[in-house]
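Protein chains: 4
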Amino acid sequence: MNPAAKHIGLIGLGLMGRPMGMNLIKAGYSLTVWNRTASRADELVAAGAKLARSPEEVAAASDFLLTIVSDPPALEEVLWGNCGAMPALKRGSIYVDSSTISPALARKIAAAGAERGVRFLDAPVTGGDWGAKKGELVFMIGGDAETLKEAEPILSVMGKKLFHLGPNGAGQTIKLAMNMILALQVDALAEALALTTRSGIAGEKLVEVMQSSMARSGVLDVKAPNLLKGEYVPSFPLRLMHKDLGLALDLGNQLGVALPATAAAREIYNAVKGAAKEDLDYSAVMKFWKR
Amino acid sequence: MNPAAKHIGLIGLGLMGRPMGMNLIKAGYSLTVWNRTASRADELVAAGAKLARSPEEVAAASDFLLTIVSDPPALEEVLWGNCGAMPALKRGSIYVDSSTISPALARKIAAAGAERGVRFLDAPVTGGDWGAKKGELVFMIGGDAETLKEAEPILSVMGKKLFHLGPNGAGQTIKLAMNMILALQVDALAEALALTTRSGIAGEKLVEVMQSSMARSGVLDVKAPNLLKGEYVPSFPLRLMHKDLGLALDLGNQLGVALPATAAAREIYNAVKGAAKEDLDYSAVMKFWKR
Amino acid sequence: MNPAAKHIGLIGLGLMGRPMGMNLIKAGYSLTVWNRTASRADELVAAGAKLARSPEEVAAASDFLLTIVSDPPALEEVLWGNCGAMPALKRGSIYVDSSTISPALARKIAAAGAERGVRFLDAPVTGGDWGAKKGELVFMIGGDAETLKEAEPILSVMGKKLFHLGPNGAGQTIKLAMNMILALQVDALAEALALTTRSGIAGEKLVEVMQSSMARSGVLDVKAPNLLKGEYVPSFPLRLMHKDLGLALDLGNQLGVALPATAAAREIYNAVKGAAKEDLDYSAVMKFWKR
Amino acid sequence: MNPAAKHIGLIGLGLMGRPMGMNLIKAGYSLTVWNRTASRADELVAAGAKLARSPEEVAAASDFLLTIVSDPPALEEVLWGNCGAMPALKRGSIYVDSSTISPALARKIAAAGAERGVRFLDAPVTGGDWGAKKGELVFMIGGDAETLKEAEPILSVMGKKLFHLGPNGAGQTIKLAMNMILALQVDALAEALALTTRSGIAGEKLVEVMQSSMARSGVLDVKAPNLLKGEYVPSFPLRLMHKDLGLALDLGNQLGVALPATAAAREIYNAVKGAAKEDLDYSAVMKFWKR
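Protein chains in written order, with this note's numbering: chain Y, 1046 to 1336; chain V, 1046 to 1336; chain H, 1046 to 1336; chain W, 1046 to 1336.
Take the hints with a grain of salt, since some may be wrong.
Copies of one chain are not kept apart here, so a pair can be met inside one copy or by any two copies together.
Straight-line distance between alpha carbons at most 16 Å, and here's what the computed EDC-like set of lysine to aspartate or glutamate pairs gives [to be verified]:
| id | residue 1 | residue 2 |
| --- | --- | --- |
| 1 | LYS1205 | GLU1253 |
| 2 | LYS1206 | GLU1181 |
| 3 | LYS1206 | GLU1253 |
Calculated from the structure, these hints are not laboratory results.
Values in this document were obtained by computation on a predicted structure and should not be read as measured data.
Starting from the given sequences, assemble the full structure and let the hints guide the process.
Structure, rendered in structure tokens:
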């Protein structure tokens, strides 16, 4: 099929959404976009995207809708708020959400879509803005295998790996589990660095030894420089990691699964968020010990 | 210098001490050993080591003493108990301890050694029994650079990397920081797997996605199979990891460094240790959610 | 004013709502009631209350509406669900909610009421079913002082103390703060009893000493017998305390106020809730150590 | 028996030891005292006590020895350090320790005493300096009933209640359990006040409501004014409460009893201790939220 014949809608033009949209345009798709702050669309519009006036307008123009917004309330507003997308989605279309939300909301959206003949995938991503630019995101997908098969050519433009993890909600569940682990890894590094430096030993020593040991990790490679330098330019913002820890704890508390270290870490991120004057990367959890 | 001219003493013939001793013998050193349970010495004696009747006898026979026992009380007993090693150490000899103990005890030993003209290095190791067998341990070393230089030929027989981290105590501080991180990484994986499986998704799915993401880690490669299968044959025993978390928290509480997630994780390891009927690997922290 | 001239609506006929309604009837008020499970209304209907078919019908019949349901979703359903109360509330009427919900939801309700000319008080209660029966509840009230003055004759029928704590939301904030403290007091007692009994000392000894010391408390008098006997007939159900801890943590995380011990305790209540086969009092947190 | 015929030794002349000694003198006992800082003995010496030059000298002069020092290392120094008391204790004498130490150390002392024909009671106290002055302390006692019977006339001079709780160690176990509860009650109040005040509501409102509810407690009456005013003149110093939490956690971790909220609270006290410039009451845990 000619990509240009497929009309794609994209709602949410943040750090992730913009490069994802750019890759769709480069692949030849016709793209209609919307963002709460319209100016964020400039680059995409210059590249050929059409700017809609509402989520509703995007949905009405699309065979395939993709949303990627900051949190559950933002997504609910986009779908069911004023001029929301849900009631305008076309029968037979596919809707993919790549925001990080609760599995319960993903299932609620799936049910609402099904009532209208719309097939839904929850498909949060990992890989950062860097992965979004390179088209090398990892998609964690919940939903129907047939739907995924049909969505695959489009998702493959943005990601290098598509993991089908189960029915709707499964993508979000795995995403929350992943982010718990990332948040705890960075917090563990911060606690260990606090202990090390307060003992009078340079943090670099700890990092150097770790890199030669089983304690090595992706997080260590990417985030240790931030913690050592105290520079926290947002790659994945702390406020979003804090939100995801809340979603993971909500899920654990619905299921009766105790998450003691996650709960402890969430309060540390919370303390840093409460004291922060600006938007910081989640590695700024280190500031808990540098107040 | 001919290695055989150097008399080495080795106290502590556990999972780590035995292969370390074997590598010293293979390198041509003359070795005198002692262990609380004497039968653990059989293999080394068969390979040419001399079995002493007390720590004192080992110390008296050695130019270079190495100890690697399970915890601080065991080391204090070896050094200052009945027929202990410390009063018998030879002036001018070098003493290296590779147990994991508190930095404070390492400094106390260094001071006691200095009074007798004995130079001390705290040099805990990482790399597991596998690294010990291959002679590929990583040594985290606190003490004098000159002493380390002199000890290097011997330590290099057992390890591939010798990190000099600062004065006495620095090796132990970094070791405790490392083990905090390992313990939290495994606990984080366990919390995430508990959330995933209780959500009805196979834990293997989470591990598979993690391996393609920034959440990948040395721990994931080595320990995820244990957690997924529920098989916890001790490689690094949970009771020792639990002890090391206690040492890290003691240090943090002496220094006034709060370690909230470490404290939360320690109680989980504690609960599992309290309920365990047998010796388990520290990855058995997963049992907290499978009771 | 003749109480009978005032039409009161009551939605939510649980452990608290039923005796509160009975006291209103005894005081001479005309009462219209609704409950999701209609059979719970039998006793009140027998005493003279009118049973409505929907929340909407209750609201339409009332000068003064009182709701007391189990959680925020239940209240949202009652107000804005099918045949909900909010759109039917009469201009000039007063609406008092005694459920425990988030301060944010209390403010949202207040705003929705104001749009319709309805004055709202958030007025959660403490005192248990026993206090409800005796008409000796404590009301924690957020809202306008004038409104409270008008509501006072009615609330005084059910409660012995009316604390006016600030604008809308303030009642709920204080209620959540109170329940955090109660939950932590009971958890602290449970942790201390676990330590005591595992040390081989009867828990009764600890309780006896506490009663002679500064560690005495209302919770100790009321809940210690439950913990000692292992009998947890619900007075205040664990599932509701667990929910309230979640609301308190949500509030803390919105405000950037870290609540580390509350977060730790919540996960213990969570573990017990997850393992419970039946409805238990919140003092059943003790079961965490008796699994 | 004439009290003056009984020679009592007292080691440890802090906030508690001084008034306890004064009550012994008033009751007519002959008293020999020692303190690391000798000037603390002035008042007692003026009242008739004899000042010894070492713990050894006190022990040698006493039929009944009482110690009350700040922590386990201080007690070990007093007993087994230079010119220590233990080797000088008279056969047939009674030794009572009212410090807060670990149950294990209490049992070790009991065993060492038994070897010398000395009967030992662990008898930590509660009631504060105020209770010490009034002779209204509560003693939590571990040891032999016969020994307690013989010690009772002397202990009754200082305390109004003597609880016999079990064999040696039992007094310390109950004391640690008590202090866990006190520490958590004060931390719970601090967390709740932080939530309340950050919500824009005066903390006094929370305290007022609590006093009318089941959340009332001895701690609330005594400590709430400190937290509200931010005045933390030491009554029971934070550094000692922090130490006792460490002893309780050590005990829990030896027994395999998880203490999650206690562990969380200990790290908060730790953070405040680490940042404190001066000696503060343990109610200063509130400073965690006021940095």
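Here is how each hint holds up against the structure:
1. Only between protomers do LYS1205 and GLU1253 lie at most 16 Å apart by alpha-carbon distance; the minimum there is 14 Å, versus 31 Å within a single protomer.
2. In this assembly of identical chains, the alpha carbons of LYS1206 and GLU1181 lie at most 16 Å apart only when taken from the same copy (7 Å versus 35 Å across copies).
3. Proximity of LYS1206 to GLU1253 under the C-alpha cut-off of 16 Å is restricted to the inter-copy arrangement: shortest distance 11 Å between copies versus 31 Å within a copy.
This entry satisfies every hint, going by the numbered hints stated previously.
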